[in-house]
Amino acid sequence: MKSLVVYYSRTNITKKLAEDIAGTLNCDIEEIVPKVNYSGKLGYARGIKDGASGKIVELEETKFNPEDYDVVYVGAPVWASRAANPIISYLNENEGKFNNVKFFLTAGSSGFESGFSQMEDASIKPQKTLALTTKEVKKSTYDLKSFLD
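6 is the number of the first residue of the sequence shown in our numbering; add one for each residue after it.
Each hint should be verified, as a subset may be incorrect.
Claimed, not checked - Below 27 Å or equal to it, Euclidean Cα-Cα: the simulated DSS-like pairs (lysine-lysine) are:
no. : residue 1 : residue 2
1   : Lys150    : Lys107
2   : Lys68     : Lys21
3   : Lys144    : Lys21
4   : Lys20     : Lys40
5   : Lys7      : Lys46
Keep in mind the hints are simulated off the structure, nothing from the lab.
From a predicted model like this one, the values you see are computed outputs, not experimental measurements.
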């Protein structure tokens, strides 16, 4: 089965998880890069504001076409109880191009259900979801087997 991991990560927490998934599957991986700068304290505040408003943002061009994959793993951090805007923008840009998806989210502690719901609304129903806290990802206290099966 041909797989792709697509993710957005502001602080490298979601990136670490995405790289673990891609490394385990030995598959292609793509980072979503917004044209909006979300780095630093100002970027954090902008992300919270954009997350709360559901703003769709422009993205840099992507390398991989999700239509070419049997399953696409899509991951993001949770911002203001929503999936980060860059990943929602990616899902919207690629509407109708997904065969199967699995979603993963990272967060300080909460917002997973609403984030997954928002991702599904922008895409298709996922085969599986994975919700991990920042602490779990930093300490690598998770098992990907059931998510990847």
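Enumerated hints in conflict with the structure, sorted upward: Of the numbered hints, just 5 does not hold.
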